[in-house]
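Chemist: Listed below, chain by chain, are the residues.
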Amino acid sequence: MTAPVLELKNVAKTYRVKQGLFGKPKPLTAVNDVSLTLGRGEVLGLVGESGCGKSTLAKILLGLEAPTSGQVLVDGEEIAGQDRLALARRIQPIFQDPYSSLNPRKTIADIVSLPLRVHGIGDSASRAKSVRETLDLVGLPARVLNTYPSQMSGGQRQRVAIARALIMRPEIVICDEPTSALDVSVQSQILNLLNELREEFGLTYLFISHDLAVVEHLATRVAVMYLGRIVEEAPVAALFDAPRHPYARALLNSVLTPDPAQGVPDTQLGAAYPNPIAPPPGCHFHPRCPFAQDHCKAAAPRSVPVGQGHVKCHLHDPDTPMYRPDFTV
Amino acid sequence: MSDQNEKPLLSVRGLTLDIPLASGMLHAVRGIDFDLHRGETLCIVGESGSGKSLTSLAVMGLLDKNIRRSAARMDFDGTELTTASRRQMRALRGDRIAMIFQEPMTSLNPAYTIGDQLIEALQLHRSVSRDTARKRAVELLEKVGITAAASRLSQYPHQLSGGLRQRVVIAMALMCEPELIIADEPTTALDVTIQAQILRLLVDLTKEMNVAMILITHDLGVVARVADKVGVMYAGELVETGPASDVFGTPMHPYTRGLLRCIPQPGKTERGAPLGTIPGIVPSLVGDVQGCAFRTRCPHAVDACRAAIPERGAPPHEFLCVHPDGARAAEGVPA
Amino acid sequence: MAAPQTTDPLLEEISGPTPRQILRKRVRGHTGLLFGLGVVLLLVIVAILAPVLAPHDPYVQDLTKRMVKPVFMGGTWEHPLGTDHLGRDYLSRLIYGARVSLLIGAVAALISGIIGTAMGVAAGYFGGKVDAVVTFLINVRLAMPVVLVALAVVAILGGSLEVVIGVLGLLLWDRFAVVMRASTLQVRRREYVAAAQAIGASTPRVILSEIMPNIVNNLIVIVTLEMAHAILLEAALSFLGLGVQPPTPSWGLMVSEGKNMMLFEPWLVLIPGVVLFILVLAINLMGDGLRDVTAPENRS
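Residue numbers (my numbering), protein chains in the order written: chain A, 18 to 346; chain B, 740 to 1074; chain C, 64 to 363.
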């Protein structure tokens, strides 16, 4: 792996959530002790159920939320003390809903040139040139410059959002469910475009998605998140061929490939997603885990290096009584 | 699967839905036919704007007033739905035909407990005592996999997670032992693991209770795993219909093949390789639409695509295309 | 593969009208808005051109010609709407009165609009403690009876045009604050706001160029409603003798002065009353219409 372009060290984010009108605020740990390393040109797929903390993590990386503890380093420099503008040049987002991510009152030219204007880059002529070039890059003709988002289709809008994210040539792009609001035929165009742009500009993606088939296709590494914790992180092939964490296995099982010979899979996940304000003790996953034992209720698993990745499960920790070195589910 | 010679539970011929707009008439659904037998699951798959949701609402008689419906036949077990009065339709809905929507909160009233709503669903159509209805509610909640069912009756919808709510909605749909369930994207709002659980539940229950189901979805994976029969919908037409194994095994219509190439399939598509695309956009269906609506995006379009399109194939696997083999040979896939 | 011809209707790319074209089309189709807008514009022109349009000086008294009947009740064209109890030309006073009503409505709505919008947007955008303070202030303000407070203040400071405008401007910001707070909360959650923040845009820039353009339609509607509100309150204060002071021609004052003769000469009250009614109705129709035409399109 090349020198890491993005590094997270024990990042945590806790909100205080009010319970009812007069209830005492309770802590909600949305992101819990997350450590990740991302090399240049890598695509880290971040998967997990809604409410697991994926989006909070994205906001922390974009500087929209400050972590409660831990460090985020870009190119080895901590971002906490950095200027917002400097960070914005390096990390840019692409959001999920292209109907919400573009200001309906602005023309496409205004939207795509906003980063240049905010950062005071170039004069109006050079900005216009840059906007045209970037639109061309994402496959939009120059005649869309003076149109409004409402005149465009979902796929076209997402291309505009990509152009806005790329116009300052960032190093890292946070893609938060970039295709889940799009139709199947449009989704593949956007995925292809993201892949082409990554190769052309050596971009690094954090790709957040609930669609494991898409993550499998695009990512080089995958991190599985459950209730604020990264429970498994590994190269994409390793994770999809031999998932080690029972939750990762359940997620992979739930992928519905278009194969009519197979029925609907049994995820073997029992109870529903727990309340994040009162997470289960020990391993957060134990109430739904088919392999859970008493030890799982007592102690939270630590991060154990396995292969080229990490996993948080007692079954893989040589220091626990549950250790089963041959366990791949 | 049920006997195909048996009379279908629902038989639709030439269903057409037109919506008058300021800019002209929008031909949202253009003459579709399908049959559904007891215990059978039909999945209608299509992209946004293909008319799949309107089709399901048309069967339920729940269309907006401005939408014009016409059909040669819409026969539900001997009742002609096109001529049924509002009162007849009301009697059918929730009793013999039940509906499950994408967002469970559209079917659940936040002001009433789960128990009240389940009991009312039954008492609306059957003269049973509250106690009997309550017993059935508990029984069905257990059936849809809700633990501590009796204590859930006094809970309000907002106290449940999305997955649990959708289970309650399914239980509610089953209260009157319907013969047909129409589910419009029932798992789209749910997480993948919950989606698998809910789909499994729907499949098991429909088979066990011999209920027919129309499932509307945009997700080809869901279709492949759930459907007995598949209808691929594009721009208001069913461009390909057939048993799931046929449609996915030998997709005949160029659009069906295009869709299947667009989605990454773990184990099949090469990681990082470009995915297939369908260029262009869905055409406007306002005004006079003639010929194949897919011709503007189809790599095999010829002049004849502008004229009326012949129906190809033989029941049960049929498709609409000028090319007798659906241009499979042109794409190098065996016909 | 045959080259598709461009005349094919299915090949036309869907590119709908611009937001401005949609707005223009909707405005043209909205009778209520057109009527309201027309009447308000007409009265504004009348108010501006008052010195040209008024046939007489509104202040000149002619005690020999008191309470001349209007022309439709048997009067003469010398005084088309007759004269008041001091012999002043009623039409001229009505025309000059439009100036007072519109001025008070516009300036009071402007002052309260600035106060309420600033409070509401700040509360909606920053949330937390700012929101708590603003919400508290709104509740305090809503607990005060506007008319009584206005009466008390005017009684202490004395009635004049400036005092009435000031009092109304400082009292009518509550609806601005409530609506702007709610609209800001809604728009703030949109991803384009997060996108602008992630670009590094400053907070004033995010508020002014990302949030304001998307809530300004609601603001315009409240402006019209509060204008009508202020005009009615001015009339009420003047009627009670605590608003604009005589001899300034104000519609409220005209109703008040005519009320003593109401049983014998009802037109003295009816004419300013009807004009007031039409103005307020027109402003409200305009506000309703603006809300309709600027409502976000239904995604179909």
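Some hints could be false.
[To be verified] Listed next, the stretches of chain A that the computed footprint assigns to chain C, with coverage defined by at least 3 CB atoms under 8 Å from CB atoms of chain C:
#1 104-111
#2 158-171
#3 309-321
[Unchecked claim] If you want the footprint, here are the derived chain A segments under chain B, 3+ residues with CB under 8 Å:
#4 89-97
#5 193-204
#6 230-240
#7 272-285
[Said to hold, decoys possible] Quick list of simulated restraints, FRET-style, between CB atoms:
#8 A:ARG134 x B:ASP803: 19 to 25 Å
#9 C:ASN202 x A:THR31: 29 to 35 Å
#10 B:GLY1011 x A:LYS26: 25 to 31 Å
#11 A:SER143 x B:GLY770: 34 to 40 Å
#12 C:VAL90 x B:ASP803: 21 to 27 Å
Please keep in mind that the hints were generated in silico from the structure rather than gathered at the bench. By construction, the Cβ of each residue, glycine as well, lies at the ideal position given by its N, Cα and C atoms.
Chemist: Are any of the numbered hints broken by this structure? If so, which, sorted upward?
Modeler: Those not satisfied are hints 3, 4, 8 and 11.
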